[in-house]
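Peer 1: Now for the letters of each chain:
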Amino acid sequence: MSRVDHTARRWVGRGGTVAFVLAALAVARAIGDDLPQTAERYAEPHLVEVSMGQEADLRLAHVSVDNPRLAASVRGTIDLYETSGVWVIVDVTFTPTVEDAGIGYAELVDTEGRSYRTSRFESNSCRVSQPLITQRCAVALELPVEAVTGAVLRLAADEFRTSYDSMLEVDLGLEAEDATGLSADDAPVVLRQPDLAGTG
Amino acid sequence: MPEHEGEERPGRLQQILSRAQEWILAKPAHVGYVVVIAALLLTVPFGGLAAAPEEELQQVPAGSAATAAPWEITLDRAIYGPELGGSFVAGELTHVLLMGTLRNTSERTVPIADLEGSLHVSGLPGAADPLGTPLEDGAIDMSLGGLYDLRPTPIPLRALVPGLDYPIGIHLTTTNSGALPEAIEVTLSTKTYRQSSLDSSYLWADPVSTAVLRVPTERSGPVFPSVWELEQ
Numbered sequence: 001m002s003r004v005d006h007t008a009r010r011w012v013g014r015g016g017t018v019a020f021v022l023a024a025l026a027v028a029r030a031i032g033d034d035l036p037q038t039a040e041r042y043a044e045p046h047l048v049e050v051s052m053g054q055e056a057d058l059r060l061a062h063v064s065v066d067n068p069r070l071a072a073s074v075r076g077t078i079d080l081y082e083t084s085g086v087w088v089i090v091d092v093t094f095t096p097t098v099e100d101a102g103i104g105y106a107e108l109v110d111t112e113g114r115s116y117r118t119s120r121f122e123s124n125s126c127r128v129s130q131p132l133i134t135q136r137c138a139v140a141l142e143l144p145v146e147a148v149t150g151a152v153l154r155l156a157a158d159e160f161r162t163s164y165d166s167m168l169e170v171d172l173g174l175e176a177e178d179a180t181g182l183s184a185d186d187a188p189v190v191l192r193q194p195d196l197a198g199t200g
Numbered sequence: 201m202p203e204h205e206g207e208e209r210p211g212r213l214q215q216i217l218s219r220a221q222e223w224i225l226a227k228p229a230h231v232g233y234v235v236v237i238a239a240l241l242l243t244v245p246f247g248g249l250a251a252a253p254e255e256e257l258q259q260v261p262a263g264s265a266a267t268a269a270p271w272e273i274t275l276d277r278a279i280y281g282p283e284l285g286g287s288f289v290a291g292e293l294t295h296v297l298l299m300g301t302l303r304n305t306s307e308r309t310v311p312i313a314d315l316e317g318s319l320h321v322s323g324l325p326g327a328a329d330p331l332g333t334p335l336e337d338g339a340i341d342m343s344l345g346g347l348y349d350l351r352p353t354p355i356p357l358r359a360l361v362p363g364l365d366y367p368i369g370i371h372l373t374t375t376n377s378g379a380l381p382e383a384i385e386v387t388l389s390t391k392t393y394r395q396s397s398l399d400s401s402y403l404w405a406d407p408v409s410t411a412v413l414r415v416p417t418e419r420s421g422p423v424f425p426s427v428w429e430l431e432q
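Chains as they are written, first to last, in the numbering used here: chain A, 1 to 200; chain B, 201 to 432.
Don't read these hints as lab results, they were simulated from the structure. For every residue, glycine included, the Cβ atom is placed at its ideal position computed from N, Cα and C. Heads up, some of the hints might be wrong.
With beta-carbon atoms standing in for the labels, derived distance ranges [claimed, not checked]:
1) B:Pro325 with A:Val190: 14 to 22 Å
2) B:Tyr233 with A:Leu47: 54 to 62 Å
3) A:Leu80 with B:Gln258: 31 to 39 Å
4) A:Arg59 with B:Glu283: 33 to 41 Å
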């Protein structure tokens, strides 16, 4: 066997090994990309689904939602908020259970998965409350009229860190038709300001 | 002359090719060198290592919409003056308000801080943040607010939800108290929604300039009522 043949055979062998390793890495990557990431799955907030008015036992508070309604405009403490879509307003009742807590995170999710969070500085009137002190407050979120049907509301304690935490989810039961006839000329819905009621 | 009858002496080219083949096959690393050199040679018809020519930015006149993820923006005009009414009261700085329409084209709510990097304003002499600190390179500063919903008077926006049109005013400030140029140019950049390289969060990043909006300016006195005036 000539020297060239020998080195060629050796190179082909090594080349085959390299090709096998690259192919194995590519297959592993393709499979890995499709598998759920364990850490991310654990980090996702735990959704506690409740019905309207039913209390959800979240990690830091008992929370319930009631009185959902639609409006063309909302009045906060000072400003008047108008929209090219529609405002969804809900009243919130929550009682912190273990430490000071509020409702920092509010989100509407439509049937297409689009996410609508608070867009104005005073459109969430909920403030931090102390353990066992029940607070009544309100949240207003705006979204396009066509996104109203089937939208669900999600609430959690922390605005920025929802990982590993529990989160209320409630189907508001609203329909886009409910927004028919709303006009910017209508009197604005006045956002409920927080009031406290001791329970213990 | 061939040494033996019927045997041909290899040509010079064949000798070179044969030696090259031997050298390539001598070590797997040599194959790598050849592959790299071949790849570099393949780029020559496409300009090689020369800098890629920058794409010309789309020129957008006032009143026309421009799209750059996650925004669709129309800028109609810019008014400026020491006092514009509403929240824009007289002080040491001159207020400049870029007025138009803004829409979030993504599927999630985007905070106004993400306008930083999406918009760069050039041609604004004395550009400064609301505290008077000079801003360089046309940067805009949203850390103290700066985006207003103009219905019915300027009201600060915190974020924009998907799919809604907002009649907006982008509030800029300048230390220049004189007349501004006839037009301000706003460069619009598109961003990509991707995972952070530092943690598992997602963010709008990697701005790439796509369009330039030319916004005519006009000096103005107070034009917006205060919320107290609206109450009456």
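Peer 1: All the hints need checking, so say for each whether the structure fits it.
Peer 2: Do the hints match the structure? See the list:
Range check, B:Pro325 to A:Val190: Cβ separation about 44 Å, and the 14 to 22 Å hint is violated. Between B:Tyr233 and A:Leu47, the C-beta spacing of about 56 Å keeps the proposed range 54 to 62 Å intact. For A:Leu80 paired with B:Gln258, a C-beta distance near 37 Å keeps the hint of 31 to 39 Å intact. Range check, A:Arg59 to B:Glu283: about 49 Å between beta-carbon atoms, so the 33 to 41 Å window is missed.
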